[in-house]
Structures are given as structure tokens and as C-alpha cells.
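Student: Protein chains in written order, with this note's numbering: chain A, 4 to 380; chain B, 28 to 209; chain C, 10 to 73; chain D, 1199 to 1466.
These are calculated hints, taken from the structure and not from any lab test. Be aware that one or more of the hints could be misleading.
Think about it this way: if two alpha-carbon atoms lie no more than 27 Å apart in a straight line, the pair counts; the simulated DSSO-like pairs of lysine-lysine are [as the list claims (entries may be wrong)]:
no., chain 1, residue 1, chain 2, residue 2
1, D, K1211, A, K247
2, C, K73, D, K1380
3, A, K50, D, K1389
4, C, K15, D, K1205
5, B, K128, B, K207
Here's a subset of chain A near chain B, in silico, CB distances under 10 Å, partners left out [unchecked claim]:
no., residue
6, V8
7, H179
8, E182
9, L192
10, A292
11, P369
12, N374
Here chain C is said to cover these stretches of chain D; the calculated rule only asks that three of the stretch's residues, wherever they fall, bring their Cβ under 8 Å from a Cβ of chain C [as the list claims (entries may be wrong)]:
no., stretch
13, 1210-1222
14, 1372-1380
15, 1413-1423
Note that CB positions come from ideal geometry on N, CA and C, so glycine has one too.
The residues making up each chain are set out below.
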Amino acid sequence: MAKQVKFLQGNEAVCEGALYAGCRFYAGYPITPSTEVAEILAARLPKLGGRFIQMEDELAAMAATLGGSIAGKKSLTATSGPGMSLKMENLGYGYLTEIPCVIVNVMRGGPSTGLPTGPGQSDVMQARWGTHGDHPCIALTPSTVQEQLNETVRAFNLAEKYRMPVILLTDEIIGHMREAVEMPEPGDLTVIDRKRPTCDPKDYLPYKPEADGVAPMADFGSGYRYHITGLNHLPDGFPSNDGKLAQADEIRQQKKVDDHYDEIVVVDEMMCDDAEILIFAFGSTARSAKEAVQMARAEGIKVGLFRPLTIWPFPDKHLLKYKGKVKRVIVPEMNLGQTALEVERVLKGSPEVEGIFQIDSEPINPITILNKIKGGK
Amino acid sequence: MARHQIRLSGSGGQGMITAGIILAAGASVLEGKKAIQSQSYGPEARGGASKAEVIISDEEIYYPKVMAPDVLVALTQEAADKYSKDLVDGGILILDDLMVKTAPKGNWKVYMMPIIRTAAEKVGKAMVANVVTLGALNEICGFVKPETLEKAVLSRVPKGTEELNKNAINAGIELAKAAKAL
Amino acid sequence: MAKAEKIEIYVNLCKGCEICVELCPVDALEMKDFKAAVKDLDKCIACMQCELRCPDFAIEVYKK
Amino acid sequence: MSYDYSKYLRKGKIPHIWCPGCGYGIIMKSMIRAIDSIGWEKDDVVMTSGIGCASRLPGYVDFNTLHTTHGRSLAFATGVKVANPKLNVIAMGGDGDMTAIGGNHFIHACRRNINITCFVFNNFIYGMTGGQYSPTTPKGSRATTAPFGNSDNQFDIAQLAIGAGATFVARTTTYHAVPMEKLMKQAFEHKGFSIVEIIAGCPTGYGRKNKLASPAGMIEWQKEHSVAIAQWEKMSEEEKAGKFPIGVLHDVEKPEYVEAYDANVGLS
Chain A
4 MAKQVKFLQG
14 NEAVCEGALY
24 AGCRFYAGYP
34 ITPSTEVAEI
44 LAARLPKLGG
54 RFIQMEDELA
64 AMAATLGGSI
74 AGKKSLTATS
84 GPGMSLKMEN
94 LGYGYLTEIP
104 CVIVNVMRGG
114 PSTGLPTGPG
124 QSDVMQARWG
134 THGDHPCIAL
144 TPSTVQEQLN
154 ETVRAFNLAE
164 KYRMPVILLT
174 DEIIGHMREA
184 VEMPEPGDLT
194 VIDRKRPTCD
204 PKDYLPYKPE
214 ADGVAPMADF
224 GSGYRYHITG
234 LNHLPDGFPS
244 NDGKLAQADE
254 IRQQKKVDDH
264 YDEIVVVDEM
274 MCDDAEILIF
284 AFGSTARSAK
294 EAVQMARAEG
304 IKVGLFRPLT
314 IWPFPDKHLL
324 KYKGKVKRVI
334 VPEMNLGQTA
344 LEVERVLKGS
354 PEVEGIFQID
364 SEPINPITIL
374 NKIKGGK
Chain B
28 MARHQIRLSG
38 SGGQGMITAG
48 IILAAGASVL
58 EGKKAIQSQS
68 YGPEARGGAS
78 KAEVIISDEE
88 IYYPKVMAPD
98 VLVALTQEAA
108 DKYSKDLVDG
118 GILILDDLMV
128 KTAPKGNWKV
138 YMMPIIRTAA
148 EKVGKAMVAN
158 VVTLGALNEI
168 CGFVKPETLE
178 KAVLSRVPKG
188 TEELNKNAIN
198 AGIELAKAAK
208 AL
Chain C
10 MAKAEKIEIY
20 VNLCKGCEIC
30 VELCPVDALE
40 MKDFKAAVKD
50 LDKCIACMQC
60 ELRCPDFAIE
70 VYKK
Chain D
1199 MSYDYSKYLR
1209 KGKIPHIWCP
1219 GCGYGIIMKS
1229 MIRAIDSIGW
1239 EKDDVVMTSG
1249 IGCASRLPGY
1259 VDFNTLHTTH
1269 GRSLAFATGV
1279 KVANPKLNVI
1289 AMGGDGDMTA
1299 IGGNHFIHAC
1309 RRNINITCFV
1319 FNNFIYGMTG
1329 GQYSPTTPKG
1339 SRATTAPFGN
1349 SDNQFDIAQL
1359 AIGAGATFVA
1369 RTTTYHAVPM
1379 EKLMKQAFEH
1389 KGFSIVEIIA
1399 GCPTGYGRKN
1409 KLASPAGMIE
1419 WQKEHSVAIA
1429 QWEKMSEEEK
1439 AGKFPIGVLH
1449 DVEKPEYVEA
1459 YDANVGLS
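With these hints in hand, go ahead and build the complete structure from the sequences.
Tutor: Printed below as a string of C-alpha cells:
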């Protein structure tokens, strides 16, 4: 049977994805250009037995999102750069305490208040390193409205499976554009729920990992009383000042993600097999790059597009295939070279990375990329 | 059909974004074409120059923004001046004769039409100027079948306003027919 | 007047803050080696103020 | 023995980290007795806290306990309560945690009237970081960051809560261990946002700097400076100087947040 097709806005598709994944709690704070997510879920969640709350600030929104998850609900919050900065404190708490949830960052321009209604991609490093301390990170970068939906479902799955916050790192262009979306039927997309303990509550250790590095997580109120703290803690959840144990636990958390690279990292490689020039682009800029690649191919230039749907962990393994193989690598992005640094780290100079960095609140025009392709170094 | 890049502009609150959504949704959901709608906006909720962009194509659309429009609708002078700059040679320019006193100069086919007056006086509600626009635009450019446009409009308007909106579409079609005959 | 059968002081929990000793209305407690100790059980009127105000779960008063 | 606390204490977690003579142990004991007297199942109790000495309390008691970030215990608690309103949620923190860094969460929790009980442990100082002045440090008092005496004005936590819309506001002290237990139980029974401010001594961080070296002396000070609300209302302004009222200061009924939300959006 033909699937239902809807004409959706990117932010609307995030909501569809969240509800499909089983999200039943949203706590947020209004901020352009993410606000539609809150507006839509405020209307939709109660119909599905879920609840919405608008908190007093972004710190509270992040805190309440984690609280909702601890009480057993799949929880979501959405924001943009300035809000993301404020969320960082409790996002770090979410990492250390291993609480699943999804944070949508609809990126806009500039540090501080910046360019509220314009697009940007300058929160890549913030997503990875915005909170203090070391922690694993998963961030997804959709490029289409369909991917806004599908990747939101995947973000929830990864959050639940690996018991950690996951960031959907989208931008104003994808968030606000509209295109046709094939609506998944129940069962079309995998939906993963967190592992919950089945042991006797007396024996429950909230941070004792199973073979996959992830410990089952009990809902508060489900008969497994335990302690959660933002202090480094032992498998029983209680704080410990033992630095060696703290290090071992943080390495274990990092390995949850590192050891499952193949499951987490998704990359779209278009026309890369014979490519002499590789474009590395994500999010809305990948759309510009795709257009530019088509134009260049029409002129017989061997160029391919490497488009990560998972930006964190960085797709090192996928990208390494092109080390020494392609003659040029071009990284267009709406920031001053954040992702380019990572591409450089992976390729180690073979070849050198050429950037197209633009922070003028305009999407990068395909012609700009085409000119770079044709213009040579 | 090749790719059409359409820009619908006016002042915030005139419903140009809604018009863009309706057109793109009709083309994609109802006719299976590829279509994207996007917009740019400033901090003000009402007033100010606003534009919606629609791309309709038989093939995949990657870059979601209009690079150079081949059709521009402008319901205010400010929008006409600001957004006509990159209209392609031979492009189509649709203007409202009440709000736009001076048509921008260029090698374009210009349709100066009483869109807002028709909405207010003939259809009876100035609010439906955007639907009148859609009727006229589609009659001139033939992006989608007339029945598609009607279906797309009716699926996005409040219940109880169906007749009003049908009348608005038809009034737009009539305006276009008259303008084409000139 | 109620009387105490026993005043149990857990020396391992007592931090020696002296709240119990100083607030005892009948002077039944004292400090010994920086910890609370029973000075005169007979004086105790089992008012429970020492137990209630001990921040450290270090005193239990058993009424007769 | 008058009361056996062991049912509610986590094994092996006592002695706690609080200094000799810290009033917080007294508060913990009153709280345990209050929870016991209301008869809540341990599985249904969630306790959240922020950062600071007071916020270490949940680690010692056998409930679902959430030790969060500085000032945010009410924000986490709100998420827990809205996601599962069946849980009995108690949020706590010190004066700095709740009214400085957490002040915004505090006033908004009051405004919403969500059915959470909040305990503010007010010892007039930042204890855990070593005695810096807080929003409740009396003017003129010394703190490590107020070597010349504190020049700031003080918050009256109870008045702040009343002004922000809390529907049950009480104040007590660690001198009043038994009345404290009763007030806490009343706060639990109250439907809506309830606050109990507990004046407590910090012999280490506040006492030493302000010539109140003895923990017992600090408790005596609380006895001498606190006045039952019924009597307070009959006192002249002159008589009130330097003293503070204790007891139930405010008790009104308003729709509870989650119930009102559910009714409004058609959830039942």
C-alpha cells in the first residue's frame, strides 16, 4: 500500500519522529528557530497521554527533560545556540549520570544572540565539547525533512540503547523548509526502548554495565530505589572520590560509543568511488554540495559528496578510505572551519583540506562550491 | 517540465508563506512532483518585507533556496523592488496594482493586476488575497492542474471558509485570463 | 517524671559537637575524650531532647 | 528508644559528611519521622537536591534519590513530577542553592503550585565551599568573602515564597525538632507547592566567623530569636526587631499544577 505522504516543515517532522519513537514528555523554553517543535508538541502530546511543560529557562528545561526520563518517559527538548549554551550544565549531568533523552539544536548564526532568524552551523564543536569534562557524544545531522523525522527516531533509539543524551544537530534551513515526507507506519522504523532491570531490586546496581557497556536503567517509582548523582560514582550509584575508578568509569562510558561505531555512524557517500575531489558537507550545506556535485559531474569533473548523518562520533573510519586517495578535499560549512579541523585530523594532510567558510546568515550557494571545485587550489 | 523557481513576496501577514506552502504541497503531495517551500523572515511577526520561495521540479531538488527566480509575485512596492533584482531574463512578474505604483524595469513579462482589490471587493475579504494570488499565478504558469490547486487550498483553510476560498481561486483565474488577453 | 532505663551512645558515630551535653536540662551528660558520655543516668528525665537534636544518630534514650 | 531510623537509612552511609554540630542531621531525622508518619511507601518517594551540604541528604536515605546540579533540584523535581504525578516528590537545598543560583527555579515552582514539597535549609552561609556569604547572610555578618562584614541585603525566604505564589509556607528551626516534624508532615499533606524553611546552624562556616562557636549556642540562638506566628502577630515592630516568626506562615488553596494541566488539555 502506498505510504501516506505529508508536506511537512522540518521542525514539524522532528515532532512526528519524536512521537513515532514514543516520546511522551517535552520540557522546553521558547527560542527561534526551534519554537515550532515546542508549539506542535504542546498540542500533540496530551492526545497521546504525554505532557508538555514550558520551563522558566533553558537550564530548567534541560533539567526537567532529564527528570522526565528518570521518571520513565522518553523525553525531548529543543533549542538553538544560546539555549544550548545554557543547557550545557545539565547536559553534562545527563552524560555523567547516563540518562537517555534527545536534545534538538536548530542552529542559527553567531555566538551570543547572534543572528536569531538566520541559519548557521557553528555549534559543531559545542555539541562535542560544550560541557566541561570528558564524555561520549552522539550528534546527528539530517539534511532533508524526511531525515528530520527518521533521524529523530534514530536519535531516540541511540539515546535509549546507549543510555545517554543524543543531540539532533540541525539548522534553521532544514528546520524551517518544507518538503514531502513519507510517513512511516508502525513497524516501518525500528523503535528501541531502554533496558530496564529484571533482577531483584536488592541486587540492582544502576551503573553495573552488561556486555554492551550499558547498565539497565530503572524508572523512579518502579520498585528499584537507587541514587543518582552528578559526582563520579560507583556501580551502586553512590559517590566516590577514587580517581582511578572515576577514570575507569568515564573510559567505559566513552567506549559505549566507540565500540559501537558501526552501529552509530551513518554516512551517505555519493559518487565517491571514482572521485578525485571529495566534498565533505553535512546538514543544509550538504544540499548545496549535492547540487554543486551534480553541476560539476555534468561538466565531467570527478567529484563526490561525503555526507555524514552522524557528525559525532566523527566518521573517522569512513573518511580514512579517502586518505591519500583523493586529490582534493573541500569542506564547505556555515562556520569558520570547525568540521574542517576534524577532517584535517583524520586525513593528516593527504590531501590538505580546503574550506569554504561562511557565516553571513545565508546558505552556501552551490555556485560558490562549484567555483571552488573548478577553480583549483 | 524543468525546474521552476518561484518567489512569493509581500509584507508579513499577507499570507504569502501560506500561499507558498499550498502551492508546493499541491505539486508534491497531490501530483508527485518534487517541491520545496522555504522562507526567510526577520524579527517582526507582522509587516516588513517577507518572502516565500517554492521550487517545483520533476527531479530531485537539493539546494532548497531559489538561486534565481523565474516567477516573482510582489504584493508591495518594497517587495517588488527588493526581490525583482535577480528575476531571470524573460521571467514572469506578477504585481498588485494597488500596492505597487511603479513596476520594476526589466526584460520580464509583467502582469499588473488588482489582486487585493479583487479579494476585498469581489470576493469580500482582503484576507484571501493570497488565494486570489494562487489562482492567478497558477492560471498564468500552469504549475499544477486547476483541481489540484483547489484541493490543496481547501485542505489548508479553516472549515466553513471553503466557498470563500473557491471564489477566491476563481477570481484569481479570471484576473489572469483578463491580464493574458491584454 | 519519666526515667531512662538506658542511654546508648555510639562513640563511633558521635562527632563530639556537645549539643546533647549543653542542651540537657538536667546535666545528665558530659564530654569524655571528646565524645558524649553518660554522667548520671539517675538524673535523666527521658525528655529525649538529646536524642532528637543529635545530628549524628549517636544517642538513643530508652525510657523505663 | 523513641524512634528507629534504620528503616529509612541506607546501610553503611552513616556517619554522614556533615561537620560536628551541623544542624542538617537534626533536619534529616525530623524529615524521616515526618515521612514515616505520613506513611508513604519508600518506592513512591523521590527526593531531589542540588549542590551543597544540604543537598547531600538524599544520599543517606533509602528512597529514589536524585542529587542534581547546583540550584536545579526543583527543575529536575518538576520534570519527575510532571512525567509521573503519582510519585511523592521532595526537593531540597540550602539557602544559596535554592535562592541564589536556583532562585529562578524556586520562584517559578512557587508560581506553578506544583505538588512538590520543598525544604530550604537556611544556615546563612555557603557551607561546602567554606563560608562565603549567601543571599540570607545577615547584613554585617562576616563571611570569607565578606571580611569587612556583609554589605548585602537579605532575602526573607518565606516571604519570597509567599510572594511568588507558594500555597503552603512554614518556617522552623533545628531547635524545634518535633514541631519541625509536624510542619513537614503538614507540608506533605498540602496539595500544591509547599515550602518549609529550616533555620539551621553552621558552626564551621558561619559560627566561627561570627562568634557563635558552639553548636549548642547556635541552637539556643534559634530558640531565643524565633517567635511562634500567633504571638508574632501581636508584637510591635520594636519587639519584632532581630527576631523571626516560625510556624505555618501561609496556607491557602489553589489548583494544583498537574491536575489543572491535565484537566485543561483533556488528560484524565
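Student: All the hints need checking, so say for each whether the structure fits it.
Tutor: The hints, checked one at a time:
For the proposed pair D/K1211 and A/K247, the alpha carbon gap of about 21 Å is at most 27 Å, so the pair holds. Simply put, C/K73 and D/K1380 have alpha-carbon atoms about 26 Å apart, close enough for the 27 Å limit, and the pair holds. A distance of roughly 26 Å separates the Cα atoms of A/K50 and D/K1389; the hinted pair therefore holds under the 27 Å criterion. Simply put, C/K15 and D/K1205 have alpha-carbon atoms about 22 Å apart, close enough for the 27 Å limit, and the pair holds.
Between the alpha carbons of B/K128 and B/K207 the distance comes to roughly 20 Å, so the proposed pair stays at or under 27 Å and holds. Below 10 Å, beta-carbon pairs count as interface contacts, and A/V8 has one with chain B at about 5 Å; its hint therefore holds. Annotation: interface hint on A/H179 holds; nearest CB of chain B at approximately 7 Å, less than 10 Å. With a least beta-carbon distance of about 5 Å to chain B, the hint placing A/E182 at the interface is held under the 10 Å criterion.
Because the closest C-beta pair between A/L192 and chain B is about 20 Å apart, greater than 10 Å, the hint is violated. The restraint placing A/A292 at the interface with chain B holds, with a minimum CB-CB distance near 8 Å, inside the 10 Å limit. Because the smallest distance between the Cβ of A/P369 and any Cβ of chain B comes to about 5 Å, under 10 Å, the interface hint for this residue holds. For A/N374, the shortest C-beta to C-beta distance to chain B is roughly 13 Å, which exceeds 10 Å, and the interface hint is violated.
Only residues whose C-beta sits within less than 8 Å of a C-beta in chain C count toward coverage, and the stretch 1210-1222 of chain D has 10 of them, enough to reach three; the restraint holds. Counting residues of the stretch 1372-1380 of chain D whose CB falls under 8 Å from any CB of chain C gives 4; the rule of at least 3 is met. Counting residues of the stretch 1413-1423 of chain D whose CB lies closer than 8 Å to any CB of chain C gives 5, which reaches the minimum of 3, so the coverage claim holds.
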